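2 protein chains.
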Amino acid sequence: MDTQTSTEPAGLAAAPAEDDAPWLTAREQRLWRAHLEVSKLLEYQLSRELGQHDLAINDYEILVVLSESPERRMRMTDLAAATLQSKSRLSHQITRMESAGLVLRQECPGDRRGLYAHLTEHGWELLRKVAPDHVRSVRAHFVDRLDEAQLDAMYEALAPIAEHLRGLRGKL
Amino acid sequence: MDTQTSTEPAGLAAAPAEDDAPWLTAREQRLWRAHLEVSKLLEYQLSRELGQHDLAINDYEILVVLSESPERRMRMTDLAAATLQSKSRLSHQITRMESAGLVLRQECPGDRRGLYAHLTEHGWELLRKVAPDHVRSVRAHFVDRLDEAQLDAMYEALAPIAEHLRGLRGKL
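The listed protein sequences correspond, in order, to chains C and W. Residue numbers for the first sequence follow this note's numbering, beginning at 1 and rising by one. Residue numbers for the second sequence follow this note's numbering, beginning at 1 and rising by one.
Hints were generated in silico from the structure; no laboratory data involved. All figures in this text were calculated on a predicted structure; none of them were measured in a lab. Cβ coordinates follow ideal geometry from the N, Cα and C atoms, glycine included. Only true hints are included.
Lysine-lysine pairs mimicking BS3-like chemistry, simulated, CA-CA at most 30 Å apart: (1) W:K87 with C:K40; (2) C:K40 with W:K129; (3) W:K129 with W:K87; (4) W:K40 with C:K87; (5) W:K87 with C:K87.
Using C-beta positions, here's what the derived DEER-type ranges look like: (6) C:R96 with W:Q106: 34 to 44 Å; (7) W:R48 with C:L115: 19 to 29 Å; (8) W:A56 with C:G51: 21 to 31 Å; (9) W:Y44 with C:P70: 23 to 33 Å; (10) C:D147 with W:R105: 45 to 55 Å; (11) C:D152 with W:K129: 34 to 44 Å; (12) W:D144 with C:R112: 41 to 51 Å; (13) C:D147 with W:D133: 29 to 39 Å.
All chains, full assembly: derive it from the sequences and hints.
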C-alpha cells in the first residue's frame, strides 16, 4: 500500500494527526469519493427517469425481486431481507403498492410463517412496460460508458467485495 | 459491444422478446448487479458501524460537507444540492441535528438569500472522534480489498461517469 501520499479524510485537514489513524492515501481517497458519487448520482438519475413512469426506484426494485421469485411471490420477511429494509418500512411500501394495484398481500394457506407479497398481473405488465426504458437509462449512464476491459476489471474487483458484504449481513 | 450473449433483464425471462429492447449482455448484467449490490450493502454496513457511535450515515455526510466548507457553514439550499435532498427533507434532518447540538441554523447578516447551517464545536469534535473508525470501516469493507492496479482502474472507469452524472443534475 502506498503510504507516502497519505492524506487525512477530507474535512479533517486541520485536525491534529493521530499516529494510529488509518487515513486513506490520495489514490484511495479519489476512488472512494468517485464510488460514493457514482452510487449516489446514478441512483438519483435512475429515480428521476423512472419517475417519468410514475414509479419510485424502490418500487421498481420490489417488482423485479418478486418477478424473479417462484410463483412471483415472496414472504414479507424474506422480501424485507432481500431489499435491506426493516419490516415496518417494507410494510408501508407494500401498502402503497397494494393501493396502486401492483402487489397483493395474502396469507399462504397451511403456512403459518406469515404473509406473502404477490406480484399482480398489473404489476407484471407495468414492469414489462418500464423495463426497456430503465435498461436504456442503465446503459446511457453506466454500462455503455465502460469498455469491455473495464466491464470485466470492475466485475473482478467488485464481486469479492459483494460476497464479503453478503457474509456480514446480520452480523456486526 | 458483445451482443451474442444478450440476456433479458432478470425477471423478464418469461416476457416475449422485443426487437428493439436494449437488454444487457450477460457480462454487462453481472457488473451492473455487482455494482448495485456493493453500493447498497456497503452503505448498509457503514450505516450499522456508524450506528455504534449513535450517528446516522446521512448525518455523518452533513458533518463532512460542512467541515469542508469555508467557515464550516453552508447555505441550506447549497447543502440540499450537495447532499441530493429536497429542501424540506434536509430541513427535517437539520432540525434533528440541531437538537443534538451538532449544527446550528442561522441567518447571515447582510445576506438575504436565506439560512445557513453551521457546524458546531460539538459537531466538529464528534466528527473527529468518529472519522478514524469510519475510515477503518471503509478500508475493511472496500479499499483494502482492492490491489493498486484495481484502485487505479476503477477510478479511471468511474471518474468520467461521475462527471457525466454531475452534468445531468437539474436536467432531465
